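2 protein chains.
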Amino acid sequence: MQTVTRVVLDAMGGDNAPSAPVQGAVDAVNARNDIKVLLAGQEDVIREELNKYTYPEEQIEIVPATEVIEMAEPPVVAIRKKKDSSIVVGMNLVKNGEADAFVSAGSSGAILVGGQLIVGRIKGIKRPPLAPLIPTKKGVSLLIDCGANVDARAEHLVQFAQMGSLYMENVVGIKNPRVALVNIGAEDEKGNALVKDTLPLLRECGDINFVGSIESRDIPQGDADVIVCEAFTGNVILKLYEGLSSTLISVIKQGLKSTFRSKIGAALALPALKKTLKAFDASEYGGAPLLGLNGLVVKTHGSSKAVEIRNSIFQCVTFNQQDINGKIKEYIIDSQNEEE
Amino acid sequence: MQTVTRVVLDAMGGDNAPSAPVQGAVDAVNARNDIKVLLAGQEDVIREELNKYTYPEEQIEIVPATEVIEMAEPPVVAIRKKKDSSIVVGMNLVKNGEADAFVSAGSSGAILVGGQLIVGRIKGIKRPPLAPLIPTKKGVSLLIDCGANVDARAEHLVQFAQMGSLYMENVVGIKNPRVALVNIGAEDEKGNALVKDTLPLLRECGDINFVGSIESRDIPQGDADVIVCEAFTGNVILKLYEGLSSTLISVIKQGLKSTFRSKIGAALALPALKKTLKAFDASEYGGAPLLGLNGLVVKTHGSSKAVEIRNSIFQCVTFNQQDINGKIKEYIIDSQNEEE
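First to last, the sequence lines map onto chains A and B. For the first sequence, position 42 (counting from the first letter as 1) is numbered 41 according to numbering that gives the first Met the number 0, and the numbering increases by one without interruption. For the second sequence, position 48 (counting from the first letter as 1) is numbered 47 according to numbering that gives the first Met the number 0, and the numbering increases by one without interruption.
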């Protein structure tokens with residue numbers, strides 16, 4: 000019998016809601032029959048969007064939620080007060096085992112807080128990290144933590160390394176993934192206090208393929224599969240990646256339009272160029288999972304379009320089928336036994 | 000009477016030494032007569048390089064130094080032991096007032112340590128930051144600190160903001176430069192402990208144009224002129240900037256060569272494209288000054304070519320003519336008086 004993965008999708012979250020989430024859900028169920036999408040949000044609004052499409056109706060269900068958490072709301076207050084919001088209703092379904100995963104392009108803060116308060120941490124996990132895939136010259140790397148827990152300690156970074164390694168091996172399919180710690184030099188005497196505390200712990204960690212420090216310069220080359228860092232650093236890396244790529248691409252487009260000759264050249268070169276640059280487009284790789292929770296929570300970019308939502312849903316299926324949470328639990332029990 | 004700026008140049012430092020430093024020195028003195036370059040290093044080696052060029056001989060002098068500090072040497076030991084190295088000899092000239100500035104493409108660690116131990120800090124400056132200019136869509140921004148002092152405290156970041164502001168206004172010529180603090184969100188409740196400690200201090204700082212938090216995504220757009228951050232973060236930003244730019248440009252070149260049609264297009268578009276990308280080439284903007292010392296110390300990239308060395312020498316002239324150190328001293332005295 001086929002396992003069906005049940006994904007709650009926040010139909011009200013993100014800049015393009017409800018149209019992008021609804022279309023993403025439709026695209027996902029039209030592509031695969033091992034998915035059921037539960038669309039959480041305002042029923043009439045969702046119904047109106049759904050009516051535009053043809054799809055296997057038994058694979059999409061609406062879960063009514065009347066409230067919407069806005070981007071600017073203080074996360075803790077929003078999660079506590081808006082009990083009938085799409086985020087709270089959706090996460091409760093995961094908590095109660097009625098769904099396997101929750102996907103949202105809504106408020107990052109509310110998703111991080113809700114993940115911890117509602118879905119809850121796996122026993123033994125100290126801090127659940129946010130871990131997006133970032134494009135590199137060789138494929139993708141997992142950046143962990145990119146924003147969930149600022150001022151983390153060395154023991155947290157070790158868990159990030161372990162969970163990230165499991166994720167890359169089982170969800171992305173990289174055998175024996177190379178794990179590296181973000182540092183400002185290759186030598187062990189380089190780094191801040193956190194890095195100096197973490198390096199020896201990672202070297203002792205027998206169950207991961209730790210390859211040492213990585214300088215940020217080498218991340219885009221794909222020199223490691225799992226890039227471990229504290230959340231402030233990770234967030235700076237992720238956002239600079241986005242900002243610098245889009246600035247450079249716009250500068251290049253300007254350059255291509257600057258002379259008559261270059262305009263003709265650009266017209267000829269553009270199709271091939273677009274194909275290459277697509278490989279550097281983060282939206283191809285789905286959303287960022289918040290790892291270490293009792294269920295999967297995936298944060299997609301606020302500006303997500305249907306394709307990113309669809310890919311995030313696919314990501315949940317692999318996560319579920321590979322039983323990543325089961326594997327994380329085993330890991331944590333093993334590590335704790337070793338400590339005793 | 001014209002002021003002549005005396006710059007000691009480390010002829011032995013960097014991947015392209017001695018040819019790049021010597022050529023950079025020659026190019027600098029051929030372009031301007033208000034510069035004297037003191038080439039520190041092995042006399043015969045320098046002499047041989049110099050013999051290749053024609054230049055006003057009274058503007059270049061060789062300062063013999065028999066030893067060379069290698070990139071891999073532990074900096075503190077190297078500075079203490081190699082008394083006759085180009086770095087130690089050169090920095091002593093600045094310390095003794097026989098030169099105004101020291102420029103090197105050699106070991107960053109040795110330059111940072113030598114700057115503090117030999118040239119020494121301006122009284123009242125707690126930590127001298129390394130502050131390179133980085134290219135943006137609108138021009139350049141100063142990234143301060145990008146690697147000199149990891150684990151800095153809020154009071155250090157305030158001094159970075161003040162010194163960076165002075166530098167951008169007087170050396171780069173940006174009136175009333177916008178100063179921003181690197182953060183992971185625009186709201187004041189975002190950030191790590193250091194950022195939360197620093198934000199209110201910067202807001203109170205009446206003598207700078209503090210515009211609040213900046214997310215790394217907005218740095219390449221040129222949304223601030225002075226980008227203040229702790230050294231670990233700054234180093235990650237600087238190196239990712241370099242790494243991502245070069246990876247994207249190589250990916251784009253690959254894309255342009257991928258089909259016959261795109262190859263023809265590329266040939267037509269390349270001259271215009273190269274011109275645009277040159278604006279994003281950090282080597283155009285000289286080296287990174289180590290601010291707050293009794294004299295100017297400039298670290299240029301290890302892979303510096305003659306053009307970067309020449310531009311770093313020009314940078315020293317502006318720094319000297321604008322009396323940046325005099326202005327930093329005034330600032331510090333003012334701030335200390337305010338505190339009393």
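Just so you know, the hints here were simulated from the structure itself, not pulled from any lab data. One should not assume that every hint holds.
[Unchecked claim] Here are the simulated DSS-like cross-link-like pairs (lysine-lysine), alpha carbons at most 25 Å apart as the crow flies: (1) Lys125(A) to Lys195(B); (2) Lys136(B) to Lys252(B); (3) Lys195(B) to Lys252(A).
[Claimed, not checked] Which bits of chain B does chain A cover? Going by a derived footprint, with three or more residues having C-beta under 8 Å, they are: (4) 40-48; (5) 207-221; (6) 230-239; (7) 246-256; (8) 259-272.
Predicted model, so just to flag it, every value in this text is computed and none were measured. Glycine is no exception: its CB is placed at the ideal position from the N, C-alpha and C atoms.
Against the structure, the hints come out as follows:
Restraint check for Lys125(A) and Lys195(B): satisfied, since their Cα atoms lie roughly 23 Å apart, inside the 25 Å limit. Of the pairs offered as hints, the one joining Lys136(B) and Lys252(B) holds, with about 21 Å between alpha carbons and a cut-off of 25 Å not exceeded. Pair hint Lys195(B) plus Lys252(A) does not hold up; C-alpha atoms about 38 Å apart against a cutoff of 25 Å. For the region 40-48 of chain B, the proposed coverage by chain A is not satisfied: 0 residues have a C-beta within less than 8 Å of a C-beta in that chain, short of the threshold of three.
Counting residues of the region 207-221 of chain B whose C-beta lies closer than 8 Å to any C-beta of chain A gives 7; at least three are required, and the coverage claim holds. Under a criterion of three residues with beta carbons nearer than 8 Å to beta carbons of chain A, the stated coverage of the region 230-239 of chain B is upheld, 8 such residues being counted. Chain A is given as covering the region 246-256 of chain B, and this holds because 9 residues of the stretch bring a CB closer than 8 Å to a CB of that chain, at least three being needed. For a cut-off of 8 Å, the count of residues in the region 259-272 of chain B with a CB near a CB of chain A stands at 12, and the three-residue condition holds.
This entry does not satisfy hints 3 and 4, going by the numbered hints stated previously.
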